[in-house]
Amino acid sequence: MSIALEARGLTKEFKGFVAVNNVDLTVERGSIHALIGPNGAGKTTCFNLLTKFLQPTRGTITYEGRDITRLPPAEIARLGMVRSFQISAVFPDLSVLQNVRVAVQRKRGESYDFWRSEKKLSRFDDEARSHIDEVGLSDFTHHRAAELSYGRKRALEIAATLALSPEMLLLDEPMAGMAQEDVERISALIRRVAKNRTVLMVEHNLSVVANLSDTITVLARGEILAEGDYAAVSKSPEVIDAYIGAGYE
Amino acid sequence: MAMSDTGITRPAAQQAGMPMLHKIIFLVLLVFLAVLPFMVYPVFAMKLMCFALFAAAFNLLLGFGGLLSFGHAAFFGSASYVAAHAAKVWGLTPELAVLSGTVAAAILGLAIGALAIRRQGIYFAMVTLAFAQMVYFVALQAQFTGGEDGIQSVPRGDLFGLISLRDNVSLYFFVLAVTFGGVLMLYRIVHSPFGQVLKAIRENEPRAISLGYNVNRYKLMVFTLSATFAGLAGATKSQVFQLASLTDVHWTMSGEVVLMTLLGGMGTIFGPLVGAAIIVTMQNYLATFGAWVTVIQGVIFVIGVMLFREGIVGVIARWIKRPL
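Protein chains in written order, with the numbering used here: chain A, 1 to 249; chain B, 250 to 573.
Accuracy of the hints is not assured; some may be wrong.
[As the list claims (entries may be wrong)] Not the full set, but computed from the structure, chain B residues with beta-carbon under 8 Å of chain A: (1) I438; (2) S441; (3) G444; (4) Q445; (5) V446; (6) A449; (7) N453; (8) E454; (9) P455; (10) R456; (11) I458; (12) S459; (13) L460; (14) N463.
[As the list claims (entries may be wrong)] DSSO-like mimics (lysine-lysine), calculated; alpha carbons at most 30 Å apart, straight line: (15) A/K119 to A/K107; (16) A/K195 to A/K235; (17) B/K272 to B/K337; (18) B/K272 to B/K296; (19) B/K570 to A/K120; (20) B/K570 to B/K272; (21) A/K107 to A/K120; (22) B/K337 to A/K119; (23) A/K195 to A/K107; (24) B/K272 to A/K119; (25) B/K272 to A/K120.
No lab work stands behind these hints, which were simulated from the structure alone. The C-beta atom is built at its ideal place from N, Cα and C for all residues, glycine as well.
Working from the sequences, and respecting the hints, build out all of it.
The structure is reproduced here in structure tokens:
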């Protein structure tokens with residue numbers, strides 16, 4: 001398998017505090033890769049570094065063989081690597097259809113045309129609707145995004161992300177704060193959309209990613225503790241120690 | 250600046266084109282404005298329309314772009330000076346004078362905007378205020394602005410070199426065409442593909458970035474457009490009063506337009522127009538109270554904010570459950 005995303009010696013320091021320390025990460029193309037760890041392990045910082053929402057202090061990031069260490073975040077999205085957010089990222093006052101359509105609109109070329117009528121946007125409706133169908137939100141097409149349940153907001157976010165036809169998805173705790181039935185629904189959705197894509201997801205719980213991921217990387221205190229499939233990682237004494245140890249701190 | 254909890258449950262854009270309600274309001278407004286100069290003093294009515302356009306332009310930036318500028322007098326005022334100078338010294342016809350003022354405001358907007366959008370929130374407001382103070386200083390010190398006197402007795406001239414605008418009523422219809430047209434153009438900008446992206450950025454900026462939108466370019470564009478229309482209002486105002494003065498570039502002018510927009514309802518189409526009408530009418534009819542106008546204005550603003558948190562039109566929109 002070839003490599004989709006690679007980080008070498010990734011380090012982020014905040015005023016003397018090292019949040020991410022010398023992390024080497026390799027995400028294989030077509031795999032589901034999970035980045036897990038206890039609270040304060042540096043997962044989200046690491047994630048923000050990879051998506052360029054934070055600038056690394058040291059280290060390099062390569063995506064599809066291209067050095068992206070110095071690129072702005074909007075540029076990363078244009079290269080086909082699209083991220084989600086821990087707090088579900090929808091546009092609350094727009095309808096479900098508009099939420100997805102804004103993504104389609106971006107893919108079809110930027111829209112600086114302020115003199116045109118928004119009626120022009122209806123030509124993107126069919127494409128947007130197909131993505132809404134894909135995540136099972138067709139019954140809510142005309143609802144305001146703010147009115148959706150937490151799990152459905154997540155699904156909407158994924159629909160908008162899919163509308164960009166990304167080659168790689170980065171999901172920041174997609175299951176955080178979700179009821180069990182939603183967790184199963186979103187897991188199934190992630191598995192489905194991962195069929196011809198690469199997925200890197202950050203999660204807090206090992207159990208959530210157990211059946212979902214091909215590779216698991218465990219972070220603790222900003223450093224990589226263990227890496228491998230679920231069977232290997234879950235038996236690692238360092239991992240067990242880190243999770244239990246963190247619980248007592 | 251999220252508008253998510255205004256309680257308007259109807260999704261804003263299932264309608265194709267302008268909804269019937271908005272068409273009716275614009276039509277009623279146009280009829281009302283067509284007969285207005287025969288009921289009140291035309292110059293007062295023209296002042297009202299200029300400020301309504303100014304507030305609508307400001308609302309494009311605050312209500313739809315989510316950016317609070319505290320220096321919009323810079324664009325209103327500089328356009329006023331350039332248009333007055335163009336009409337008086339260069340001898341341009343009114344429409345060309347207004348056009349040159351507007352272009353000047355657009356260029357200034359692009360320059361100030363390019364620097365200001367690098368900052369967020371209160372810092373953005375402070376940067377715009379600082380630049381506006383610089384423009385004020387130039388207006389005070391430069392030769393062509395006439396310092397404390399401003400540019401006085403600007404000739405009214407002939408529209409397209411043909412129609413005399415010396416008569417108040419004919420000037421009124423010129424001003425009506427410019428300001429009403431300006432407000433309709435602003436309406437179009439809000440309801441364009443560009444406007445849709447603006448709303449998305451206002452609602453959730455990081456998400457807009459993650460979708461690949463170059464957010465700063467959109468902010469610069471909406472800033473420049475807002476400055477341009479503020480300039481159109483200022484340039485037109487200088488033709489009405491035949492005067493460009495320090496009042497036009499003073500920071501209180503920047504404050505007044507914030508007041509008008511918030512009182513009427515930011516992020517609504519008709520709110521700024523209502524807000525401008527209330528403030529200008531108050532200033533006009535309470536002028537006899539002298540310095541007390543400011544106090545009364547302040548009291549009304551406080552009451553307005555406490556009773557109508559979303560502005561007058563914002564509250565009405567919530568009652569009738571339709572965007573206005």
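Hint check:
no. : hint             : verdict
1   : I438             : holds, 5 Å
2   : S441             : holds, 5 Å
3   : G444             : holds, 7 Å
4   : Q445             : holds, 6 Å
5   : V446             : holds, 6 Å
6   : A449             : holds, 5 Å
7   : N453             : holds, 5 Å
8   : E454             : violated, 10 Å
9   : P455             : holds, 7 Å
10  : R456             : holds, 4 Å
11  : I458             : holds, 5 Å
12  : S459             : holds, 5 Å
13  : L460             : holds, 5 Å
14  : N463             : holds, 5 Å
15  : A/K119 to A/K107 : holds, 18 Å
16  : A/K195 to A/K235 : holds, 28 Å
17  : B/K272 to B/K337 : violated, 39 Å
18  : B/K272 to B/K296 : holds, 24 Å
19  : B/K570 to A/K120 : holds, 26 Å
20  : B/K570 to B/K272 : holds, 17 Å
21  : A/K107 to A/K120 : holds, 15 Å
22  : B/K337 to A/K119 : violated, 44 Å
23  : A/K195 to A/K107 : holds, 21 Å
24  : B/K272 to A/K119 : holds, 16 Å
25  : B/K272 to A/K120 : holds, 20 Å
In the structure shown, a violation is registered for the earlier hints numbered 8, 17, 22, in ascending order.
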